[in-house]
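The listed protein sequences derive, respectively, from chains A and B. Take 1 as the starting number for the first sequence in my numbering and just add one per residue. Take 115 as the starting number for the second sequence in my numbering and just add one per residue.
Hints were generated in silico from the structure; no laboratory data involved. Mixed in with the good hints, there may be bad ones.
As the list claims (entries may be wrong) - Some but not every residue of chain B turned toward chain A, in silico, with C-beta under 10 Å: (1) 126; (2) 146; (3) 156; (4) 215.
To be verified - Simulated DEER-style distance windows between Cβ atoms: (5) 98/A <-> 171/B: 16 to 24 Å; (6) 140/B <-> 38/A: 41 to 49 Å; (7) 67/A <-> 177/B: 19 to 27 Å; (8) 82/A <-> 130/B: 43 to 51 Å; (9) 8/A <-> 143/B: 38 to 46 Å; (10) 10/A <-> 194/B: 24 to 32 Å; (11) 95/A <-> 153/B: 18 to 26 Å; (12) 7/A <-> 129/B: 17 to 25 Å; (13) 56/A <-> 119/B: 28 to 36 Å; (14) 98/A <-> 123/B: 28 to 36 Å; (15) 9/A <-> 122/B: 23 to 31 Å.
In this text, all values refer to a predicted model and were calculated from it rather than measured experimentally. Virtual Cβ for every residue (Gly too), placed ideally from N, Cα, C.
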Amino acid sequence: NAGVTQTPKFQVLKTGQSMTLQCAQDMNHEYMSWYRQDPGMGLRLIHYSVGAGITDQGEVPNGYNVSRSTTEDFPLRLLSAAPSQTSVYFCASKPTSGGANIQYFGAGTRLSVL
Amino acid sequence: DAKTTQPPSMDCAEGRAANLPCNHSTISGNEYVYWYRQIHSQGPQYIIHGLKNNETNEMASLIITEDRKSSTLILPHATLRDTAVYYCIVRALYNQGGKLIFGQGTELSVKP
Numbered sequence: 001n002a003g004v005t006q007t008p009k010f011q012v013l014k015t016g017q018s019m020t021l022q023c024a025q026d027m028n029h030e031y032m033s034w035y036r037q038d039p040g041m042g043l044r045l046i047h048y049s050v051g052a053g054i055t056d057q058g059e060v061p062n063g064y065n066v067s068r069s070t071t072e073d074f075p076l077r078l079l080s081a082a083p084s085q086t087s088v089y090f091c092a093s094k095p096t097s098g099g100a101n102i103q104y105f106g107a108g109t110r111l112s113v114l
Numbered sequence: 115d116a117k118t119t120q121p122p123s124m125d126c127a128e129g130r131a132a133n134l135p136c137n138h139s140t141i142s143g144n145e146y147v148y149w150y151r152q153i154h155s156q157g158p159q160y161i162i163h164g165l166k167n168n169e170t171n172e173m174a175s176l177i178i179t180e181d182r183k184s185s186t187l188i189l190p191h192a193t194l195r196d197t198a199v200y201y202c203i204v205r206a207l208y209n210q211g212g213k214l215i216f217g218q219g220t221e222l223s224v225k226p
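Next up, chain A with everything else stripped away, as it sits in the complex (with noise of 0.2 Å):
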């Protein structure tokens, strides 16, 4: 089982460049979400889906966009990468948007921006 699957696992960035973060998850679960985690922080919620068609923000949502096309993919936009969005980025999946809490994390995608 793949399970959730995030690429590339490492990526350097120069300031204003833009990217896109892959997560793709295998499990048909309906929500999925992004976090990031700074050193010696917690991971917090950039933005989630609870379906295709329906994304919202989280508790850190500037400086990134999301869309939900498909069930299986959950793709996370830069759009003018900052020295600040530097992090490690992990994206997150469950069945469903209710029921017990039990997420399923990809292995993270670690971002430097110059």
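Could you slot chain B onto chain A? The hints should help.
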């Protein structure tokens, strides 16, 4: 959401039980206690959750006090691979956004 308090770090000898405490004195009646862990450089991993009864699965046991104000995660026979940061999270079953609030957690070091 109820706030949780965990010790910042703990040590445990390999093969012994690791008992990780969590205080959640403001927990509401509809809130569950979840435990996740994060091994260095990996994504968080779900361990176990419970409402008021003790729970056990293949990874761990969860003991919740009768007044539900605190809980203990027990890893019965800790191995070196259990070295990780352990997060205690309190969330209602149905909550907007499915958001998990990760605090600072407890850094467990299992030593040979």
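Residue 10/A versus residue 194/B beta-carbon gap, inside 24 to 32 Å or not
Since residue 10/A and residue 194/B have Cβ atoms about 26 Å apart, the given range 24 to 32 Å holds.
Range first: 18 to 26 Å. Now tell me if the beta carbons of residue 95/A and residue 153/B are that far apart.
holds, 24 Å
Do the Cβ positions of residue 82/A and residue 130/B conform to the proposed distance bound of 43 to 51 Å?
holds, 46 Å
Could you see if the CB distance from residue 98/A to residue 123/B stays within 28 to 36 Å?
Given a distance of about 35 Å, which is inside 28 to 36 Å, the answer is holds.
For the range 38 to 46 Å, tell me whether the beta carbons of residue 8/A and residue 143/B fit it or not.
For residue 143/B against residue 8/A, whose Cβ atoms are near 44 Å apart, the range 38 to 46 Å holds.
With 28 to 36 Å as the target window, see if residue 56/A and residue 119/B comply at their CB atoms.
holds, 29 Å
Starting from the range 41 to 49 Å, see whether the pair residue 140/B and residue 38/A falls in it by beta-carbon distance.
At roughly 26 Å between Cβ atoms, residue 38/A and residue 140/B fall outside 41 to 49 Å, so the hint is violated.
Regarding the hint that residue 215/B lies at the interface with chain A, is the smallest CB-CB distance below 10 Å?
holds, 7 Å
Between the beta carbons of residue 67/A and residue 177/B, is the distance compatible with 19 to 27 Å?
violated, 43 Å
Residue 9/A and residue 122/B, beta-carbon distance inside 23 to 31 Å?
The hinted range 23 to 31 Å holds for residue 9/A and residue 122/B, with Cβ atoms some 29 Å apart.
Would the hint on residue 146/B stand, with a C-beta cut-off of 10 Å toward chain A?
Since chain A brings a Cβ to about 7 Å from residue 146/B, closer than 10 Å, the hint holds.
Holds or violated: the 16 to 24 Å window for the beta-carbon distance between residue 98/A and residue 171/B?
With Cβ atoms ~22 Å apart, the hint holds.
Going down the numbered hints, you'll see the structure goes against 1, 6, 7 and 12, while the others check out.
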